[in-house]
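Read top to bottom, the protein sequences are chains E and H.
Under numbering that gives the first Met the number 0, the first residue of the first sequence is numbered 0, with each subsequent residue one higher.
Under numbering that gives the first Met the number 0, the first residue of the second sequence is numbered 0, with each subsequent residue one higher.
If you are wondering where the hints come from, they were derived from the structure by calculation, not from laboratory data.
Everything numeric in this text was worked out from a predicted model, so none of it was measured.
All clues given are correct.
Repeated chains share a single entry, so a pair holds when one copy, or any two copies, can fit it.
Below, simulated SDA-like cross-link-like pairs (lysine to any residue); rule was C-alpha separation at most 25 Å, straight line: (1) K239 x T265; (2) K251 x G263; (3) K28 x N4; (4) K277 x R218; (5) K239 x S80; (6) K6 x T155; (7) K277 x N229; (8) K277 x S211; (9) K83 x D115; (10) K27 x A158; (11) K269 x N206; (12) K239 x L209; (13) K251 x L209; (14) K90 x F78.
There are 2 protein chains.
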Amino acid sequence: MQIINKKLKFLIVGLGLIGGSYARALHKKGFYVSAITDNRQSIDYALSEHIIDDGYDYVNPTAVTEADVIIFALYPQVFVSWIKENASLFKQGTIITDVTGVKGCIVSQIQSLLPDGVEFIAAHPMAGREVYGVQNSDERIFEGANYIVVPTAQNTPEAIEICKDLGRLLGFSRVSELSPEEHDEMIGFVSQLTHCIAVSLMTCCENEHLVSYTGDSFRDLTRIARINENMWSELFMLNKEPLIRQMDIFIKECSLIRDMIATGDTESLKEKMRLSTKRRALFDKK
Amino acid sequence: MQIINKKLKFLIVGLGLIGGSYARALHKKGFYVSAITDNRQSIDYALSEHIIDDGYDYVNPTAVTEADVIIFALYPQVFVSWIKENASLFKQGTIITDVTGVKGCIVSQIQSLLPDGVEFIAAHPMAGREVYGVQNSDERIFEGANYIVVPTAQNTPEAIEICKDLGRLLGFSRVSELSPEEHDEMIGFVSQLTHCIAVSLMTCCENEHLVSYTGDSFRDLTRIARINENMWSELFMLNKEPLIRQMDIFIKECSLIRDMIATGDTESLKEKMRLSTKRRALFDKK
Chain E
0 MQIINKKLKF LIVGLGLIGG SYARALHKKG FYVSAITDNR QSIDYALSEH
50 IIDDGYDYVN PTAVTEADVI IFALYPQVFV SWIKENASLF KQGTIITDVT
100 GVKGCIVSQI QSLLPDGVEF IAAHPMAGRE VYGVQNSDER IFEGANYIVV
150 PTAQNTPEAI EICKDLGRLL GFSRVSELSP EEHDEMIGFV SQLTHCIAVS
200 LMTCCENEHL VSYTGDSFRD LTRIARINEN MWSELFMLNK EPLIRQMDIF
250 IKECSLIRDM IATGDTESLK EKMRLSTKRR ALFDKK
Chain H
0 MQIINKKLKF LIVGLGLIGG SYARALHKKG FYVSAITDNR QSIDYALSEH
50 IIDDGYDYVN PTAVTEADVI IFALYPQVFV SWIKENASLF KQGTIITDVT
100 GVKGCIVSQI QSLLPDGVEF IAAHPMAGRE VYGVQNSDER IFEGANYIVV
150 PTAQNTPEAI EICKDLGRLL GFSRVSELSP EEHDEMIGFV SQLTHCIAVS
200 LMTCCENEHL VSYTGDSFRD LTRIARINEN MWSELFMLNK EPLIRQMDIF
250 IKECSLIRDM IATGDTESLK EKMRLSTKRR ALFDKK
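Next comes chain E alone, as it looks inside the complex (with noise of 0.2 Å):
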């Protein structure tokens, strides 16, 4: 079933990456996109590129009254901030959606800010590359992916399916929904854990000399060791504990498998083995 119907407008607000991956696929689609973001360069290269309908590199009241769906791709503080100074211009029945790597410490917040009959459902596209801006932005990147949508006790039902039918119109492969609470902690393992360990075996020894000897299996690992600095260490310390928590877990069972190693214990590392290739073969992109 298709709720978006032609008519709506869209607004993207943070023009980068996925703000211009979605402002892409949505314009392919036939919908009117306009953005809003600070750096008059990605304006002029989304017109350019025809990937926006209008684009202001400021606050444009009119921007912002007219769109019926309004996206945020900002970071988290950032994204809090223009809430509460921009709150009044929204007009009744806009729904506005996001793409914020952390909820729980940001949803309830943006929720209290918005005048009645403003509606936020927040949503998290699990898409990204290790390149930035609009000009690296490309919405195939969405093709088999997920699309999580994460709704609280405030949404309402209209609400919640209008974001889940932008993820299939976004072309993600799987739309589904999680709490605030189960998104973090979920988030905590598969996409921050993995850049922590990504970025810990970068810094935890001298290697530039190993360009020459080494396979492919330590640039996977590391692939997203290119990592913006200022977004990431905010997504860490916004989703502290369930990151600590999860970084405690694996830093036991990478220790557990040390010790196996080291007592010989062939058995068990057999076995440890086994388990993980059982249960990566359901991770292989359908």
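Given chain E, put chain H in place with the hints provided.
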């Protein structure tokens, strides 16, 4: 400079993914390639696909005697046993090389088992896949990959050059040289530690339901978690000390980053991320 001439006859012992990929590469270049492996189906497949010229599912003495260059693509302990049983078959002047993932524990041992006039020069092709068997072999896995020659004081300059030439002939992008000790320390870090991390990520918690939510980071970090438990547990146990050393360094760094997050030390965390980003930029395939 090309040292290997078209008249040289190659024998591959162990026709799996890597042995099969060597056979494909060499046969395409016009060399005579025979194979010995314990699986008749692998031989039949390789013959029908024109990957090899001749093949045997038993140790055919003529095939061994006629070979100028013999490549062993067996598990380390099976490799040592094979040499112990069949060393008398090699003709004078035969060059033996391998693809084994650990070196310190086998190279001197193999060299001491060989008759005078038969030289073993060790090598490690840093290429692989998470699938097995000659049916999955593909010489393109060597494109962009590293090939490491691992000589000892016993090796002649001629054999070292032949081995390097083989690496270039197979299509590797970079051919370099390490001592057995340097090799094992390096492999403990870039290959074995990364496999331990990938397995730990899959086994540290129940995570099958995360298929619906995960992004590419988790997929990338666990690609190698589909692991052949017999081969990898053998490799880990044969390289126990370097691997444990590398695991301890990694676990310590991971714990340090964990503590930075726990104490809110954003500046130190960003410093780690900047170092990580700078180093990782070197590792993209050229």
